[in-house]
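**Student:** First to last, the sequence lines map onto chains G and R. The opening position of the first sequence corresponds to residue 1 in the UniProt record's numbering, with each subsequent residue numbered one higher. The opening position of the second sequence corresponds to residue 1 in the UniProt record's numbering, with each subsequent residue numbered one higher.
Derived from the structure by calculation, the hints contain no laboratory data. A virtual CB, placed ideally from N, CA and C, is assigned to each residue, including glycine. Any given hint could turn out to be false.
[Said to hold, decoys possible] Chain G regions said to be covered by chain R (calculated; three or more residues, Cβ under 8 angstroms):
hint	region
1	15 to 24
2	29 to 40
3	56 to 67
[To be verified] Okay, the calculated beta carbon distance ranges per label pair:
hint	chain 1	residue 1	chain 2	residue 2	range
4	R	10	G	169	51 to 61 angstroms
5	R	33	G	44	39 to 49 angstroms
6	R	179	G	2	31 to 41 angstroms
7	G	101	R	115	21 to 31 angstroms
8	G	187	R	179	54 to 64 angstroms
9	R	13	G	187	47 to 57 angstroms
10	G	50	R	13	23 to 33 angstroms
11	R	115	G	167	38 to 48 angstroms
12	R	16	G	115	26 to 36 angstroms
13	R	184	G	180	48 to 58 angstroms
14	R	184	G	93	27 to 37 angstroms
15	G	111	R	104	38 to 48 angstroms
Here is what each chain is made of, one letter per residue.
Number of protein chains: 2
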Amino acid sequence: MEALVSRIKRDGTVLGDDILKVDSFLTHQVDPKLMRQIGQTFAQKFADSGITKVVTIEASGNVPAAYVAEELDVPMIFAKKAKNVTMNDELLTAEVYSFTKKITSTVQISRKFLSENDKVLIIDDFLANGQAALGLINILKEAGAQIAGVGIVIEKSFQTGRALVEETGIPVVSLARIAGFDQGQVIFAEADL
Amino acid sequence: MEALVSRIKRDGTVLGDDILKVDSFLTHQVDPKLMRQIGQTFAQKFADSGITKVVTIEASGNVPAAYVAEELDVPMIFAKKAKNVTMNDELLTAEVYSFTKKITSTVQISRKFLSENDKVLIIDDFLANGQAALGLINILKEAGAQIAGVGIVIEKSFQTGRALVEETGIPVVSLARIAGFDQGQVIFAEADL
Numbered sequence: 001m002e003a004l005v006s007r008i009k010r011d012g013t014v015l016g017d018d019i020l021k022v023d024s025f026l027t028h029q030v031d032p033k034l035m036r037q038i039g040q041t042f043a044q045k046f047a048d049s050g051i052t053k054v055v056t057i058e059a060s061g062n063v064p065a066a067y068v069a070e071e072l073d074v075p076m077i078f079a080k081k082a083k084n085v086t087m088n089d090e091l092l093t094a095e096v097y098s099f100t101k102k103i104t105s106t107v108q109i110s111r112k113f114l115s116e117n118d119k120v121l122i123i124d125d126f127l128a129n130g131q132a133a134l135g136l137i138n139i140l141k142e143a144g145a146q147i148a149g150v151g152i153v154i155e156k157s158f159q160t161g162r163a164l165v166e167e168t169g170i171p172v173v174s175l176a177r178i179a180g181f182d183q184g185q186v187i188f189a190e191a192d193l
Numbered sequence: 001m002e003a004l005v006s007r008i009k010r011d012g013t014v015l016g017d018d019i020l021k022v023d024s025f026l027t028h029q030v031d032p033k034l035m036r037q038i039g040q041t042f043a044q045k046f047a048d049s050g051i052t053k054v055v056t057i058e059a060s061g062n063v064p065a066a067y068v069a070e071e072l073d074v075p076m077i078f079a080k081k082a083k084n085v086t087m088n089d090e091l092l093t094a095e096v097y098s099f100t101k102k103i104t105s106t107v108q109i110s111r112k113f114l115s116e117n118d119k120v121l122i123i124d125d126f127l128a129n130g131q132a133a134l135g136l137i138n139i140l141k142e143a144g145a146q147i148a149g150v151g152i153v154i155e156k157s158f159q160t161g162r163a164l165v166e167e168t169g170i171p172v173v174s175l176a177r178i179a180g181f182d183q184g185q186v187i188f189a190e191a192d193l
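Construct all of the structure, not just a fragment, from the sequences and the given hints.
**Tutor:** Below is the structure:
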């Protein structure tokens, strides 16, 4: 997605060897117009896939996922990382290690929102080590739902995530793919969309 | 906002004495069409207020805030609750006790995204004890930003939040206001919009 690649080039910052910071338009401050373009791009790709739900993990995935869901005219579900007093239903859970937070959390979705009649599009902001995506895949399989694909805004192609997801038989579709970093510059691989 | 009030009546669940669970359309599963109506409603109210940023706290506030920001054509910022390796800038922080999570977290916004030139609209999903709103107000004041108002999707008017925010001189605008619960039914007060 050209608008996204340009934005990364303009506003992204490389930290160390393996972190891309995009806090000015995706992960802390959010550009809603860019989110709408992201929503439209994924929705066009999956328009004929029979998607019934869009699923993400809180919190940076919430806005991209909502825009995709709106374009597809389906609900969005964000998996939650911490228990609160309102989550008193039967929960589907998975342990997920966060690459940027360096901690493991239990992500959870209330079972009542998913069934074997669902065909789900997973959307997330980043794909790095794949743990978040795999956690969601496990939750969705436990619910009996079909998974149409994993839509990723920014994929770090030099990490294991894409391969791990594809091993499960689920396609990955990424709007920007990063082959690596070189002296603070982002080296892009060819994106899927 | 009539569509929101109807939705609460249809899908909201009262837990105990003081919790309203709206997990099927706002706080876990999200209805993007309703979020768009929420965005339009707040944006109409603040269309002439010179808003430069919409600010919320992750995660249930993210989608409503993004839709408001999109309608106002400004960026959205979501305050973050947990440190991650990309947050290496100067941070503005506040301690916030969550009514539903029953824990205190440090919420943080990177200082670089706010200045004395900003006029901010705070948006959040719930107003209960007011701690989240007050935390954001303190962060924004520290940044030197003006605050146009606090826009709330669901206000629990029988709790102290609204009064605490109004004491700071900042107006509260709520789309649904709950006077209380009676035998599992929601009793509504008149909303602001």
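**Student:** I'd like to know which numbered hints this structure contradicts. Please list them from smallest to largest.
**Tutor:** 4, 5, 6 and 15
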